[in-house]
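Peer 1: The chain contents come next:
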Amino acid sequence: MSLALDQPLRVVNVGLELFASALEAAGVCVVHVDWRPPAGGPEVAALLARLDD
Amino acid sequence: MPVRTVVRRSYYRDSMVLMRVAEALRALPGVREAAALMGTPANHELLVSAGLATEETKDAVPGDLVIAIRADSDASAEAGLAEVERILTERRPTDAAAGRALPRTLESALRQMPDANLVAISVPGDYAKLEALRALRRGLHVFLFSDNVSLGDEIELKRAALERRVFCMGPDCGTAYINGVGLGFANVVPRGRVGYVAASGTGLQAVVSRVAALGEGVSHAIGVGGRDLSAEVGGIMTDLALEALAADPTTEAIVVISKPPAPAVVPKLETAIGRIAKPVVVCCLGARPAASGAGRWVATLDDAAESVVATLRGGAWAPRPFTDVPGVRARLARARTQAPRGATILGLYTGGTLAHEAGLVLEPLVGTTAYRLVDLGDDEFTRGRPHPMIDPEARAARVREAGQAAEVGVLLLDLVLGRAVHPDPATPLVAAVYDARRAAAAAGRAFVAIASVVGTDGDPQDLRRQIATLEGAGVEVLPSNAQAARFAALVIRPGLEAALLGGS
Amino acid sequence: MTVDIKAANREAIERLCRARPTWTGMTTAREALGLTGRTLLHSGPPIGWERMCPIMRGAVMCAIQFEGWATTPAEAERLAGSGEIAFAPCHSRGAVAPMAGVISAGTPLIVVEDRANGTSAWSFMGTGPGPQLRFGAHGPEALGRLAWNRDVLAPALQRVLEREGPLDLAAHMAQALAMGDEMHMRNAASTALLTKALAGPLAGVVPEATQLERILRFLTRDNDQFFLTWAMCAAKAAARAIEGIAGCTIVSTMARNGVEFGIRVAGLGDRWFTGPASVVAGSYFPGFTAADANRDVGDSAIMETYGLGGMAMAASPAVTRIVGAKSVTDAIETTRRMGEICVGRNAGFPIGTLDWEGTPTGIDIRKVVATGIVPAINTAIAHRDVGVARIIGAGISTPPLEPFVAALVACGDSFDAAGRA
Chain A
1 MSLALDQPLR VVNVGLELFA SALEAAGVCV VHVDWRPPAG GPEVAALLAR LDD
Chain B
1 MPVRTVVRRS YYRDSMVLMR VAEALRALPG VREAAALMGT PANHELLVSA GLATEETKDA
61 VPGDLVIAIR ADSDASAEAG LAEVERILTE RRPTDAAAGR ALPRTLESAL RQMPDANLVA
121 ISVPGDYAKL EALRALRRGL HVFLFSDNVS LGDEIELKRA ALERRVFCMG PDCGTAYING
181 VGLGFANVVP RGRVGYVAAS GTGLQAVVSR VAALGEGVSH AIGVGGRDLS AEVGGIMTDL
241 ALEALAADPT TEAIVVISKP PAPAVVPKLE TAIGRIAKPV VVCCLGARPA ASGAGRWVAT
301 LDDAAESVVA TLRGGAWAPR PFTDVPGVRA RLARARTQAP RGATILGLYT GGTLAHEAGL
361 VLEPLVGTTA YRLVDLGDDE FTRGRPHPMI DPEARAARVR EAGQAAEVGV LLLDLVLGRA
421 VHPDPATPLV AAVYDARRAA AAAGRAFVAI ASVVGTDGDP QDLRRQIATL EGAGVEVLPS
481 NAQAARFAAL VIRPGLEAAL LGGS
Chain C
1 MTVDIKAANR EAIERLCRAR PTWTGMTTAR EALGLTGRTL LHSGPPIGWE RMCPIMRGAV
61 MCAIQFEGWA TTPAEAERLA GSGEIAFAPC HSRGAVAPMA GVISAGTPLI VVEDRANGTS
121 AWSFMGTGPG PQLRFGAHGP EALGRLAWNR DVLAPALQRV LEREGPLDLA AHMAQALAMG
181 DEMHMRNAAS TALLTKALAG PLAGVVPEAT QLERILRFLT RDNDQFFLTW AMCAAKAAAR
241 AIEGIAGCTI VSTMARNGVE FGIRVAGLGD RWFTGPASVV AGSYFPGFTA ADANRDVGDS
301 AIMETYGLGG MAMAASPAVT RIVGAKSVTD AIETTRRMGE ICVGRNAGFP IGTLDWEGTP
361 TGIDIRKVVA TGIVPAINTA IAHRDVGVAR IIGAGISTPP LEPFVAALVA CGDSFDAAGR
421 A
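So the protein sequences, as listed, match chains A, B and C.
One point on numbering: in my numbering, the residue at position 10 of the first sequence is 10, and numbering is uninterrupted.
One point on numbering: in my numbering, the residue at position 388 of the second sequence is 388, and numbering is uninterrupted.
One point on numbering: in my numbering, the residue at position 141 of the third sequence is 141, and numbering is uninterrupted.
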């Protein structure tokens, strides 16, 4: 299976907004996610990871 | 207090709208009580019991709107009526797209962009695994800038990536390029024919920038994070990246940049490199360079850049301490005009790989007690603070302190440019250097400031202006970090001249 | 126990979206819910007499007198606190009741069957303006209205059914949605459409003219929320279809009893996860303020569970004023925000202002916890004083996050997701 490196980059950015801005400045299509940590902190995040599908 | 009422005949608004109108009225200064109701019998009773019914209102029929206001003054009541008018007649712009809130999850982002192919993740380390897993499970490449991800989680992520044959670039991956587009802290370089597999931080930035200065561009630079070549992770992503670059028609030569691989991983790495028909340059800082065997192993980042360019152009290449010996001599002469100074080198770095490389260069030349290198991008300095490449203040403070330290004879610095990095890192650095010099001078001391700049002509910070700013402050700017470190050694150990500068 | 959460949730969305809620009958709680002895059903998660808020106690006192177990409010109150009465949530029997609603053996109920999924749900009919059981009223007027529903309205509707056959509520509700109802706090269109469907048949089955006039006036005057309990049954029948799907993380119940807010999750069976019922942020009728307000109460959050109410606010510009913002844009944003916590979109309820995208359906507790976005529940606000016993405003209720987190933890304990790399 090809690793598909030849496609134009279309990015979802989760986290630092400055990376999304930098990508936009480089002419890349990017959707920035307004991410916030889950209530209950890292333990809950670990639980969410376990229950993710 | 009189009640002011108005009846709007045949003017229907439903009860929710009117409740809101009443709310707005009651919030106005001077308004004690207010009602906005259709003239139904039930509402008439309400008006009476609230003391808001008047002669005027009693004839209102159910299709009529009744406004009633009890206010401190006529003026307040009139203002209230004007407000009602405003609310009932205002129109709002309905451009949903313009006012739309950002998506809150990857999944809703993918509704907006169903053909996304990469997710860039820079959330705090505790949450990085969850976000990365979500992306990998959807068959998307991941650029994982986050650090403080456990080794166990890294292995789980990389296995998930391998299974789906997508990249998990990181954790702790600061820079990458796909199709020439930079991710994270990336320098602006042309698209070209050199591919990279890198740990990947300022080491990658340094090589990519130097290669660009020598006239070649980047095809892809796949970051694998600092622990990929550990025994535990076993080089999973390095393997996948080498395979991809070997198969990529636009890549003509490959550079591998990393810390030294774990002994258990070396054979696997050499085998993988040996299978590739294209030239491979390996810069695993701290590993002994090998002339034979798979790939060409080099000692420093600038060696990697020069070596791969030379190979592409069919020329020969050999490492040398300095690329501009006369220039170094001139700088040395300048340095020697300084007043008595301390005997040690203090390196204040924003790039961890660069700090590491400096140490590898300095140790054999001056011995470990003659220098101290601080990587200000390290976890211990960045908890709760932005990275020094984004916020120069942490390093500036330390530069100022260095002015007070009698033992510091040489200040060794890096300056990293690129997208997402501070827009003008030279200026605050230089201001701090001035302050430090003043403090030293007051104590009858001086120090030599030495720097290298990682950047390209395409970077937003204006490379030439950054170099000029440094040089204008008397900072000696060398063409690479390794050369800057060697120059620092020369300054405190004049005896090295013969070895490093030769007879010319 | 290893489960496939993705498949389970997909199955749940399919069931919710294909639901065909249909009004099929009239009955009593005695017949349909097996309410024998002295059992009373109440809205919200389980609660005993001691902890009930005053207006729910008022509703209980009303129901006790309605059943003839007591002849005065004081007697009813004594009986209620005596331990002779058993209390259970309406939800425990497949029923739903709005506000501080209470169902007793003799309560006339509408029957809604989900013809696609084979489930049923029941609720009572509204009694129109004036003192109502659901707000805690328990005097002669409230009792009189309940008796009229039982003795006049229910039989008339029964005869309509016999004559006309069952009524498809799904199409009805989709039409009302397109007419600007979200079917929780705004049912003007749905009630009008119901009246339209019933008017002719009623004229055919109610022989006595004054009686017919009385029924029609009841349906058409100051009674815009009449369809609410019908909508709640439709939602409940559909929601029951997802109960018990192993590994499903979608909310099957959301309900409040004026003291606590509770949820149940499809894959976790009957377990309730509760938190304090919220103070509702809202707009008040003249003469009333937040200090008068009862906390969030009622089973009507089943509407949001089904993808209507606050979830569908973008379809209802008229209801936006409740949200605390004055623009339709905010209503659209609310529905979009709800989209962040839902697994699917119900194409059977398309929303015009969103270019006919289906309403967000299937609240996934994982998404609620991950984003911190809780369902937005449009709701009426009741007066807290049982002596006043009336609606005093409307608003949007923000339920507590803790029950969703507790449910998530329970999911983690009960099942591990399959399909790991």
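In case anyone wonders, no lab produced these hints; they're calculated from the structure.
Just so you know, not all the hints are guaranteed correct.
What the hints assert, rightly or not - Under the rule of at most 20 Å between Cα atoms (straight-line distance), these lysine to any residue pairs were calculated in the SDA-like manner:
| hint | chain 1 | residue 1 | chain 2 | residue 2 |
| --- | --- | --- | --- | --- |
| 1 | C | K6 | B | E232 |
| 2 | C | K6 | A | D53 |
| 3 | B | K259 | B | D239 |
| 4 | C | K6 | B | R138 |
| 5 | C | K6 | B | N148 |
| 6 | B | K259 | B | D147 |
| 7 | C | K6 | B | G139 |
| 8 | C | K196 | C | A178 |
| 9 | C | K6 | A | D52 |
| 10 | C | K6 | A | Q7 |
| 11 | B | K259 | B | G286 |
| 12 | B | K268 | B | E243 |
| 13 | C | K6 | B | R111 |
| 14 | C | K196 | C | E162 |
| 15 | C | K6 | B | R137 |
| 16 | B | K259 | B | N148 |
| 17 | C | K6 | B | A247 |
| 18 | B | K259 | B | A287 |
| 19 | C | K6 | B | L106 |
| 20 | B | K259 | B | P364 |
| 21 | B | K278 | B | R193 |
| 22 | C | K6 | B | R464 |
| 23 | C | K6 | A | A26 |
| 24 | B | K58 | C | D222 |
| 25 | B | K259 | B | D379 |
| 26 | B | K58 | B | R8 |
| 27 | B | K268 | B | A247 |
| 28 | C | K196 | C | I215 |
| 29 | B | K58 | B | R86 |
| 30 | C | K196 | C | G165 |
| 31 | B | K58 | B | A75 |
| 32 | C | K6 | C | G269 |
| 33 | B | K259 | B | R137 |
| 34 | C | K6 | C | V409 |
| 35 | B | K58 | B | P2 |
As the list claims (entries may be wrong) - Covered stretches of chain B (in silico footprint by chain A; criterion: 3 or more residues with CB under 8 Å from a CB of chain A, positions within the stretch not fixed):
| hint | stretch |
| --- | --- |
| 36 | 126 to 132 |
| 37 | 182 to 190 |
| 38 | 260 to 268 |
We put the CB at the ideal spot given by N, CA and C, even for glycine.
Peer 1: Determine for every hint whether it applies to the structure shown.
Peer 2: Now for the hints, and whether the structure bears them out:
{"no.": "1", "hint": "K6/C / E232/B", "in the structure": "violated (31 Å)"}
{"no.": "2", "hint": "K6/C / D53/A", "in the structure": "holds (6 Å)"}
{"no.": "3", "hint": "K259/B / D239/B", "in the structure": "holds (16 Å)"}
{"no.": "4", "hint": "K6/C / R138/B", "in the structure": "holds (13 Å)"}
{"no.": "5", "hint": "K6/C / N148/B", "in the structure": "violated (29 Å)"}
{"no.": "6", "hint": "K259/B / D147/B", "in the structure": "holds (17 Å)"}
{"no.": "7", "hint": "K6/C / G139/B", "in the structure": "holds (16 Å)"}
{"no.": "8", "hint": "K196/C / A178/C", "in the structure": "holds (16 Å)"}
{"no.": "9", "hint": "K6/C / D52/A", "in the structure": "holds (9 Å)"}
{"no.": "10", "hint": "K6/C / Q7/A", "in the structure": "violated (29 Å)"}
{"no.": "11", "hint": "K259/B / G286/B", "in the structure": "holds (7 Å)"}
{"no.": "12", "hint": "K268/B / E243/B", "in the structure": "holds (13 Å)"}
{"no.": "13", "hint": "K6/C / R111/B", "in the structure": "holds (17 Å)"}
{"no.": "14", "hint": "K196/C / E162/C", "in the structure": "holds (18 Å)"}
{"no.": "15", "hint": "K6/C / R137/B", "in the structure": "holds (12 Å)"}
{"no.": "16", "hint": "K259/B / N148/B", "in the structure": "holds (18 Å)"}
{"no.": "17", "hint": "K6/C / A247/B", "in the structure": "violated (35 Å)"}
{"no.": "18", "hint": "K259/B / A287/B", "in the structure": "holds (8 Å)"}
{"no.": "19", "hint": "K6/C / L106/B", "in the structure": "holds (16 Å)"}
{"no.": "20", "hint": "K259/B / P364/B", "in the structure": "holds (18 Å)"}
{"no.": "21", "hint": "K278/B / R193/B", "in the structure": "holds (11 Å)"}
{"no.": "22", "hint": "K6/C / R464/B", "in the structure": "violated (55 Å)"}
{"no.": "23", "hint": "K6/C / A26/A", "in the structure": "violated (36 Å)"}
{"no.": "24", "hint": "K58/B / D222/C", "in the structure": "holds (19 Å)"}
{"no.": "25", "hint": "K259/B / D379/B", "in the structure": "holds (17 Å)"}
{"no.": "26", "hint": "K58/B / R8/B", "in the structure": "holds (13 Å)"}
{"no.": "27", "hint": "K268/B / A247/B", "in the structure": "holds (19 Å)"}
{"no.": "28", "hint": "K196/C / I215/C", "in the structure": "holds (13 Å)"}
{"no.": "29", "hint": "K58/B / R86/B", "in the structure": "violated (25 Å)"}
{"no.": "30", "hint": "K196/C / G165/C", "in the structure": "holds (15 Å)"}
{"no.": "31", "hint": "K58/B / A75/B", "in the structure": "violated (24 Å)"}
{"no.": "32", "hint": "K6/C / G269/C", "in the structure": "holds (18 Å)"}
{"no.": "33", "hint": "K259/B / R137/B", "in the structure": "violated (29 Å)"}
{"no.": "34", "hint": "K6/C / V409/C", "in the structure": "holds (18 Å)"}
{"no.": "35", "hint": "K58/B / P2/B", "in the structure": "holds (16 Å)"}
{"no.": "36", "hint": "126 to 132", "in the structure": "holds (count 5)"}
{"no.": "37", "hint": "182 to 190", "in the structure": "holds (count 5)"}
{"no.": "38", "hint": "260 to 268", "in the structure": "violated (count 0)"}
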